[in-house]
Amino acid sequence: MSSPAGKRAWLLSPFMFLMGVFFMLPLVLIVGYSFMTPQETGGVMMPLTFEAYTKIFYETDFDGKKVFDPSFLLVCWRSVKLAALCTFLCLLAGFPMAYYMATRPPAQRNFWMMLVTIPFWTNLLIRTYAWILILRDGGLINNGLRGLGVLAEDQSISLLYTDFSVGLGLLYSYLPFMVLPIYSNLERMDWKLVEASADLYANRWQTLRRVTIPLCMPGIIAGSILVFIPCIGSYLAPQMLGGATYMMLGTKIESLFGAAKDWPFGSAASVALMATVMIGLMIMSRRGGLKELV
Amino acid sequence: MATKPNDYIPGVASTAWACLAFLYIPLLIVIFFSFNAGSRITVWEGFSLDWYHRAAENEQLVKACINSLIIGVLATIFSTIIALMTAVAMHGNKLGARTQSSTYFMMTLPLLIPEIVIAIASMAFFSIIGLNWFIGDLPLGNVLIAHTVFCIPFAYSPIRARMETLQPSLFEAAADLYATPWQAFRHVTLPLMMPGITSGAMLAFITSIDDFIITQMVAPPGGATLPVYIYSMIRRGITPEINAISTVLLILSIVMVALSYAINQRKA
Chain A
1 MSSPAGKRAW LLSPFMFLMG VFFMLPLVLI VGYSFMTPQE TGGVMMPLTF EAYTKIFYET
61 DFDGKKVFDP SFLLVCWRSV KLAALCTFLC LLAGFPMAYY MATRPPAQRN FWMMLVTIPF
121 WTNLLIRTYA WILILRDGGL INNGLRGLGV LAEDQSISLL YTDFSVGLGL LYSYLPFMVL
181 PIYSNLERMD WKLVEASADL YANRWQTLRR VTIPLCMPGI IAGSILVFIP CIGSYLAPQM
241 LGGATYMMLG TKIESLFGAA KDWPFGSAAS VALMATVMIG LMIMSRRGGL KELV
Chain B
1 MATKPNDYIP GVASTAWACL AFLYIPLLIV IFFSFNAGSR ITVWEGFSLD WYHRAAENEQ
61 LVKACINSLI IGVLATIFST IIALMTAVAM HGNKLGARTQ SSTYFMMTLP LLIPEIVIAI
121 ASMAFFSIIG LNWFIGDLPL GNVLIAHTVF CIPFAYSPIR ARMETLQPSL FEAAADLYAT
181 PWQAFRHVTL PLMMPGITSG AMLAFITSID DFIITQMVAP PGGATLPVYI YSMIRRGITP
241 EINAISTVLL ILSIVMVALS YAINQRKA
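Taken in order, these protein sequences are the chains called A and B. So in this note's numbering, spot 7 of the first sequence is number 7, and the numbers just go up one at a time. So in this note's numbering, spot 132 of the second sequence is number 132, and the numbers just go up one at a time.
Simulated from the structure, these hints should not be mistaken for laboratory data. You may find that some hints are simply not true.
[Claimed, not checked] Quick look at which bits of chain B chain A covers, simulated, 3 or more residues with Cβ under 8 Å:
#1 27-39
#2 50-63
#3 244-254
[Stated by the list, open to error] Over 10 Å on every C-beta distance to chain A, these chain B residues come out as not near it, computed from the model:
#4 A16
#5 A83
#6 V88
#7 I263
[To be verified] Ranges of calculated distance between the beta carbons of each label pair, as one might list FRET restraints:
#8 B:E59 - A:L115: 31 to 41 Å
#9 B:F105 - A:L74: 14 to 24 Å
#10 A:D63 - B:E45: 39 to 49 Å
#11 B:L49 - A:A152: 30 to 40 Å
#12 A:M24 - B:R186: 24 to 34 Å
#13 A:A244 - B:F105: 50 to 60 Å
#14 A:R188 - B:E45: 23 to 33 Å
#15 B:G11 - A:P214: 12 to 22 Å
#16 A:I157 - B:E59: 32 to 42 Å
Quick reminder that beta carbons are idealized off the backbone N, C-alpha and C, glycines included.
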């Protein structure tokens, strides 16, 4: 490839054009919208204002007075909490799974890889829908408990439309996102170091804590990022498993643009979501791991 | 590494199998009830293929399938070509640090921004420019653009990984033998890149077929893809017909994974 750089740079132009116009520009637009005034039919108009950002904290009551209103902050808190919890649980379940896969003989490894990749490549909508069948009042768990006589015929446990169902749906949706990067890290790892650690009289827990996990950190961080980001902005799980009034940031933003027709507030909420993600990323990527993503 | 005395950790095997069960049981339930004779979704009333027949006769559903396929195929072609061009340009760090890192940044960004924000931003953008392109007589232009954009990083990842395994000396050899850049690309780069291109294209295709949120926000009336239509069905009330379509989509995913697995085996 002795061709000069200038000759090769044109190859980037379709990518730069598409990403610039249809990805970066819309994001800039949203940031701009967050400083404008809402139009009643949806959309935005002048003048420029910080109004949308004050709505994150305050609500305007009938007298036009601003009153502290925690409802949006509660939605933020719920999203952060569920996303963090889900990332943690994915790690707790995903690391052992990846570890087991990586310590199989090569033929079995590939088979396990395939088994984890199938849900990863399966439509998220369908995977979320499956839990409605299991959790709803007339669903499999309630029917099963009635069949066993644990519940009377007219009784049911509310499993769907709770924090539990949303959390479970998130865990289910994103578990493969945690397993795959950790597995690929463990597979590339030099297992001789684990042997060496044994030769130096470390027991298996010491080896795990001082050798395997530190070596696997980039995979763990990449996995955590891949789980945390879609979780915190998730739309399908809260919408389908949380019910109409259950709000996380993703559903809140959608409802602000949709039903509430307050585009500036929706944009401000999007900016807040992006800021939260960036803060989370900065915390997680301190030890590197972003490079594992692409 | 005949024995790995220290790599056995108690509880790991059982956790792995439990995770596998957790991942598959819900999917098996969806498949199982797609063959239910009755209309109740979680009470077994005997085997039948009625719901598959009904799905095949649902005109709107078939239309949504066609939309999904058109978008999926076109977005895959465009995004794979663009990803390949980008990977060729990026190969060997010849572009200068700034271009190199800004391209890398732009490639990573779509993965770091929550999908709902991309969806809302695209919707706002398309509504402001008032664009509504048609493909044939279908109003799918906006959806196609959006899909092409978010599929590029997915197509790029395996293509770049493959590109990194190629020795620059190969291209120098081609140049020494008086190959033009195009000839070198056509006869050296492209054949060697084929496994990466195939995996990238498949990843792009599955990403496009599976997308819901961005499509839901961007698609005009008549531009619904399969997930958008399935979502509207679920909202109207769940029937085994949804399970039947889901099963078909699930089989598509399994076939795609098996195919990519087979391709990777051959490459190795």
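Now for the hints, and whether the structure bears them out:
no. : hint                        : verdict
1   : 27-39                       : holds (count 4)
2   : 50-63                       : violated (count 0)
3   : 244-254                     : holds (count 5)
4   : A16                         : violated, 4 Å
5   : A83                         : violated, 8 Å
6   : V88                         : violated, 6 Å
7   : I263                        : holds, 12 Å
8   : B:E59 - A:L115: 31 to 41 Å  : holds, 36 Å
9   : B:F105 - A:L74: 14 to 24 Å  : violated, 34 Å
10  : A:D63 - B:E45: 39 to 49 Å   : violated, 60 Å
11  : B:L49 - A:A152: 30 to 40 Å  : holds, 36 Å
12  : A:M24 - B:R186: 24 to 34 Å  : holds, 33 Å
13  : A:A244 - B:F105: 50 to 60 Å : violated, 38 Å
14  : A:R188 - B:E45: 23 to 33 Å  : violated, 50 Å
15  : B:G11 - A:P214: 12 to 22 Å  : holds, 21 Å
16  : A:I157 - B:E59: 32 to 42 Å  : holds, 40 Å
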